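Asker: As given, the protein sequences belong to chains A and B, one line each in that order. Residue 137 in the working numbering sits at position 137 of the first sequence; the count goes up by one each step and never skips. Residue 282 in the working numbering sits at position 282 of the second sequence; the count goes up by one each step and never skips.
None of these hints come from the bench; they were simulated from the model. Every value quoted in this text rests on a predicted model; they were computed, and no experiment measured them. A couple of the hints might just be wrong.
[Said to hold, decoys possible] Among chain A residues calculated to face chain B with C-beta under 8 angstroms, some are:
1) Trp42
2) Val46
3) Leu110
4) His122
5) Ser129
6) Pro156
7) Met157
8) Ala159
9) Ala160
10) Trp197
11) Val223
12) Leu230
13) Glu241
14) Arg243
15) Thr279
The beta carbon of each residue, even a glycine, is placed where N, CA and C say it ideally should be.
Chain by chain, the residues:
Number of protein chains: 2
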Amino acid sequence: MRDFSGDHAWLSLNTATVREQRDLLQIIEACARHEIRAISPWRDQVAVVGLEATAAAIRRHGLKLSGYCRGGMFPADAERRQEMRDDNRRAVDEAAALGAPCLVLVVGGLPHLSRPPSAVSHDIALARSQVEDGIAELLDYARVVRMPLAIEPLHPMYAADRACVNTLAHALDICDRLDAERSGALGVAVDVYHVWWDPDLYAGIRRAGRDRLLAFHVCDWLVPTRDLLLDRGMMGDGVIEIRKIRAAVEAEGFAGFSEVEIFSELDWWARPIDEVLTTCIARHKTAV
Amino acid sequence: MRDFSGDHAWLSLNTATVREQRDLLQIIEACARHEIRAISPWRDQVAVVGLEATAAAIRRHGLKLSGYCRGGMFPADAERRQEMRDDNRRAVDEAAALGAPCLVLVVGGLPHLSRPPSAVSHDIALARSQVEDGIAELLDYARVVRMPLAIEPLHPMYAADRACVNTLAHALDICDRLDAERSGALGVAVDVYHVWWDPDLYAGIRRAGRDRLLAFHVCDWLVPTRDLLLDRGMMGDGVIEIRKIRAAVEAEGFAGFSEVEIFSELDWWARPIDEVLTTCIARHKTAV
Chain A
1 MRDFSGDHAW
11 LSLNTATVRE
21 QRDLLQIIEA
31 CARHEIRAIS
41 PWRDQVAVVG
51 LEATAAAIRR
61 HGLKLSGYCR
71 GGMFPADAER
81 RQEMRDDNRR
91 AVDEAAALGA
101 PCLVLVVGGL
111 PHLSRPPSAV
121 SHDIALARSQ
131 VEDGIAELLD
141 YARVVRMPLA
151 IEPLHPMYAA
161 DRACVNTLAH
171 ALDICDRLDA
181 ERSGALGVAV
191 DVYHVWWDPD
201 LYAGIRRAGR
211 DRLLAFHVCD
221 WLVPTRDLLL
231 DRGMMGDGVI
241 EIRKIRAAVE
251 AEGFAGFSEV
261 EIFSELDWWA
271 RPIDEVLTTC
281 IARHKTAV
Chain B
1 MRDFSGDHAW
11 LSLNTATVRE
21 QRDLLQIIEA
31 CARHEIRAIS
41 PWRDQVAVVG
51 LEATAAAIRR
61 HGLKLSGYCR
71 GGMFPADAER
81 RQEMRDDNRR
91 AVDEAAALGA
101 PCLVLVVGGL
111 PHLSRPPSAV
121 SHDIALARSQ
131 VEDGIAELLD
141 YARVVRMPLA
151 IEPLHPMYAA
161 DRACVNTLAH
171 ALDICDRLDA
181 ERSGALGVAV
191 DVYHVWWDPD
201 LYAGIRRAGR
211 DRLLAFHVCD
221 WLVPTRDLLL
231 DRGMMGDGVI
241 EIRKIRAAVE
251 AEGFAGFSEV
261 EIFSELDWWA
271 RPIDEVLTTC
281 IARHKTAV
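Just chain A, same shape as in the assembly (with noise of 0.2 angstroms):
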């Protein structure tokens, strides 16, 4: 297991974690100032300042980037089928105009909810073919221009309206069907805020191996968690065995770096973003 106490050579920062604070390119500006290696960007916020920017920024830092959140979203009626396959292939193209080294899919839970105004449906079980079949399809594409697809499962929490995928085991299951042979185009992007709870979770990182393990995400889970989306904890503040699941996840081999991802309207997103990023950098060095 790598050591991370004595430097953050191997955080990289979710730039969803400062977004309320400053827009992309001054994110970079800031990560450059701290020394932080890598990012991983939204669309989002890309689209605020363009692609080009956002691509020129990273290059004249040298910044790598650790994933590019995000693609998913596959459940939809008919009438919004293709809108969602184009948007989930301009999501592969941005990932590969930015040098990312995969794709996070988030892939959508309910179709009136996760892709709305598709009409409304109760029936996860079809949501969860049409996310198979939203992947499957986009994987023909993202293997073209050899971009990696990481499915991420969510928290179950999530299942209704973010991400019918909430097991590890699952976005596993995904992955064997629809890339049987290990190519590296499909695997998974591990993030504790969501695993951490599950008894196979151990099982599941031996299963996936090196071959699957295209990201792993860090934050911490709080008690008590006041908001179900927003209320995110710093590394450290909460309940997670990270440094445990981190060594599971290096035991298969997986050498990249620990992304910091969270979402605090209650508290990390009130402060300065200097400030951010200097806890992330301490607790990356005594939490992860």
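Fit chain B to the supplied structure of chain A, relying on the hints for placement.
Answerer: Using the frame of chain A, we list chain B on its own:
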């Protein structure tokens, strides 16, 4: 599958659903008034009005019980282990005194959160082993008084503080290890709120079978959910395929009550008790 559309003969009221409006004796009166045949009371509500008075009121109105809430909170440090044992044995005794068909177990999460002020531990695997040890020990006691124990897997969002058994599969693994002979002494409580998201739900229900299906709880998952604990929805107001899940449970031979359990600080706890019960009855016919 039973037809619930014509009456509410198989509706049970979990008394937490109207806990803010009335004390338990008044809730029992209200159930009688609305011809609700069964309840599942909580220990703290019983404690307020007294066990004898509760038992007498239940007898007087010819009410049945669909369960008793709740034992559990097994993880504890050494100093609190005897307290935990005593507390759980009292819960079994109370369930027996009230004529409950089972004692529902909310097994607890990390010891310092479930059974404070236990020493802080983030070792969820250890908490899980303490849960299993605790159930094994309580089972010896419960067998003597012939009180079945129903492990209730809770939604993964409660893994830290309320229950580190978060899937039906995990609960059934414990059942198989501690009661391999399927004696009826140990089973599960299936609450749609906790398990609806699980891709292995229907396989789990089949695996449980009639022997292990001791209780069936209903409410609904709202989108958005504004509070992790106290924003459960009335059946029909959310996204859960309640009828599909009930069909699966009944296909295994379950023929007991559908117990309505809604914690809703933001909505139903603020309404008059008669409105809540009238709505439960109406939705039992149309959405359960």
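Asker: Compare the structure with each hint and give your call.
Answerer: Results for each hint:
The closest approach between the C-beta of A/Trp42 and any C-beta of chain B is roughly 21 angstroms, which is over the 8 angstroms cut-off, so the hint fails. Using the Cβ-Cβ criterion of 8 angstroms, the hint placing A/Val46 at the interface with chain B is not satisfied: the shortest such distance is roughly 26 angstroms. Here the hint on A/Leu110 is kept, as its CB sits about 6 angstroms from the closest CB of chain B, short of 8 angstroms. With 8 angstroms as the threshold, the beta carbon of A/His122 comes within range of chain B, its nearest partner Cβ sitting at about 5 angstroms, so the hint holds.
A distance limit of 8 angstroms between C-beta atoms decides the matter here; for A/Ser129 the minimum to chain B is near 11 angstroms, and the interface restraint is violated. Hint on A/Pro156 holds. Least Cβ distance to chain B is approximately 4 angstroms, under the 8 angstroms limit. For A/Met157, the interface hint holds, since its Cβ comes within 8 angstroms of a Cβ in chain B; the closest pair sits about 5 angstroms apart. Look at A/Ala159: its Cβ gets to within about 4 angstroms of chain B, closer than 8 angstroms, so that hint holds up.
Checking A/Ala160 against chain B by beta carbon gives a least distance of about 5 angstroms; that is within 8 angstroms, so the hint holds. Annotation: interface hint on A/Trp197 holds; nearest CB of chain B at approximately 4 angstroms, less than 8 angstroms. The beta carbon of A/Val223 is positioned within 8 angstroms of a beta carbon in chain B (closest approach about 5 angstroms), and the interface hint is therefore held. For the restraint placing A/Leu230 at the interface with chain B, the shortest Cβ-Cβ distance is roughly 11 angstroms, beyond the 8 angstroms limit, so the hint is violated.
Here the hint on A/Glu241 is kept, as its CB sits about 6 angstroms from the closest CB of chain B, short of 8 angstroms. The beta carbon of A/Arg243 comes no nearer than 10 angstroms to any beta carbon in chain B, farther than 8 angstroms, and the hint placing it at the interface is violated. The beta carbon of A/Thr279 comes no nearer than 20 angstroms to any beta carbon in chain B, farther than 8 angstroms, and the hint placing it at the interface is violated.
When each numbered hint is compared with the structure, violations occur for hints 1, 2, 5, 12, 14 and 15.
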